[in-house]
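A.B. asks: Single-letter residue listing:
4 protein chains.
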Amino acid sequence: MSKHTVKARKPLAINAASLEHVRESFARQGLMKHLGAELVALHPGECEIRVAHLQELTQQHGYFHAGVTASIADSASGYAAYSMMPADSSVLTVEYKINLVAPAKGEALIARGRVLRAGKTLKICAADVFIVNGTEEILCAISLSTIMALAGLSDSQRRSTK
Amino acid sequence: MSKHTVKARKPLAINAASLEHVRESFARQGLMKHLGAELVALHPGECEIRVAHLQELTQQHGYFHAGVTASIADSASGYAAYSMMPADSSVLTVEYKINLVAPAKGEALIARGRVLRAGKTLKICAADVFIVNGTEEILCAISLSTIMALAGLSDSQRRSTK
Amino acid sequence: MSKHTVKARKPLAINAASLEHVRESFARQGLMKHLGAELVALHPGECEIRVAHLQELTQQHGYFHAGVTASIADSASGYAAYSMMPADSSVLTVEYKINLVAPAKGEALIARGRVLRAGKTLKICAADVFIVNGTEEILCAISLSTIMALAGLSDSQRRSTK
Amino acid sequence: MSKHTVKARKPLAINAASLEHVRESFARQGLMKHLGAELVALHPGECEIRVAHLQELTQQHGYFHAGVTASIADSASGYAAYSMMPADSSVLTVEYKINLVAPAKGEALIARGRVLRAGKTLKICAADVFIVNGTEEILCAISLSTIMALAGLSDSQRRSTK
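Here the protein sequences line up with chains A, B, C and D, keeping their order.
Heads up: the first sequence begins at 1 in the working numbering, then just goes up one per residue.
Heads up: the second sequence begins at 1 in the working numbering, then just goes up one per residue.
Heads up: the third sequence begins at 1 in the working numbering, then just goes up one per residue.
Heads up: the fourth sequence begins at 1 in the working numbering, then just goes up one per residue.
Just to be clear, a hint being listed does not mean it is correct.
Since the list can't tell identical chains apart, any single copy or any two copies may satisfy a pair.
Said to hold, decoys possible - Derived pair list, reagent style DSS-like, types lysine-lysine, alpha-carbon separation capped at 25 Å:
# : residue 1 : residue 2
1 : K120      : K105
2 : K33       : K105
3 : K33       : K120
No wet-lab data here; the hints were simulated from the structure.
Chain A extracted, bound-state conformation (with noise of 0.2 Å):
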């Protein structure tokens, strides 16, 4: 891990097999799946996702868009946030910002979300995304975002009713 990574917060104590929820709304996610985006790692307060490159991710220089490296932040702190809820509770994304800070050229993006604030309404996270080369990882962006919790409605109970 760099040395520009941002330390998390230790998370708190939870059973993991809650993490169920988080692993099922993931999969349920088409975007994930369109653009080859995998949860490789899950943790209470921590999710880590990783997408290959293809072609079909790039902005007009051939690098991944950041249009990509935004969805894979924007989700690895979602489900970093949602790994600390009630599996009968949905996850909503309020706002987030991200500094794009060296160019997305590499092999591979992994986000690395952490929750930084457990609020029981709103969870604070932040993310850093990586461009992989070899065995060498660079930052090349951060985000920070407000994710809520919509209370007494599972995330698979809300898209059956939708």
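Given chain A's structure and the hints, the job is docking chains B, C and D onto it.
C.D. replies: Same frame as chain A, now just chains B, C and D:
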């Protein structure tokens, strides 16, 4: 309309022919094609991008993923800015912030980007994203972004020399 | 004015008398007094704050410090939101982003905040800050913010029980 | 330092003597004096600013106003950036975003700014703001900002020529 609304700066007079560099750059973005996004309007300092709903673009509830919303908001802002830059320059998103204000549940998304302030090096842009259902448009996201011009290196040259 | 401009939502009908809780809350802000800031206009969903130039408010070049710009943008946004909340609630800024688009060099600063989207728990607001010289106003900052209502605890009660 | 703290990138080696331009610029900020803010630590790429609680600095509940929190976060970020710029340049905040994550209720506020990414024209900075009670510090705000260097015009010259 409220008198408090931010007034877009009168765009600089620019030969419409010079907007060709914007269309060419958009056409090189693999992600825009992969999302099915189209450049539907382009004027000096303004750009509009539209994407139709597909299962491939969804979040866990079947609505448009925030990543799609943000991707077209970013491209609409970036190209609004690029339309006010010389053709022999490149365009780069430094950062943006986006608020997702309503569920992106509908047939299509339209992002309308505009330049609020055109400095030589930096352009400050806003984009509104609307969700379309029939003839109705509802504001579903608002972004504010900082876009940078890289002088003396055209977008297409940059690609071929990478 | 561009058709792309974000249209402010028609504010909910609110008894203007109910805005008294906003004026009282503003009057309790020690910082607004310390900066010499005044609440110059208040309507449901809209708020305007003005501050005159003083040496005490400067950055290193003698212009208004960005902290002043941001402080009045934040208060104008927060009170625009609070004007749409019940009097027995408190108001809290969750986050904001601000772009400083022109030097704040002039006689006075005016921040105009407005509610763009009024949810029950969260209100999304924008503020424009103008630098005033004689009869001319120049846009010098733009902010986008997320404001939260804390139900069932009035602003003044909260203070007395702290 | 709290475990919530973001870890700073190792700063580039810079002659500490060159930091004099930072101290001089800080001393010229009327607002910092008006708030009672002090520059308590300064290293290349890092800056710490502290302000003690006064009634003059409060919001409606008697806590520190978010405007104070944001002002010192902005100055700490700007001067962290300026410490990595040549003495014959000026420093300018382009934009920032701040999340207010806990009530700023306490004896003093400390903002710790650091450079995350040092480009030639733009520096991307983060700041954490802590509320201090006795020996305890609690993270109460997090910011992410974009700072610009204006080459060839020193901060003090700029003032005298305005």
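A.B. asks: For each hint, tell me whether it holds in the structure or not.
C.D. replies: We went through each hint and held it up to the structure:
{"no.": "1", "hint": "K120 - K105", "result": "between (38 Å within a copy, 20 Å between copies)"}
{"no.": "2", "hint": "K33 - K105", "result": "both (21 Å within a copy, 19 Å between copies)"}
{"no.": "3", "hint": "K33 - K120", "result": "neither (30 Å within a copy, 33 Å between copies)"}
Going through the hint list in order, the structure does not satisfy hint 3, though it satisfies all others.
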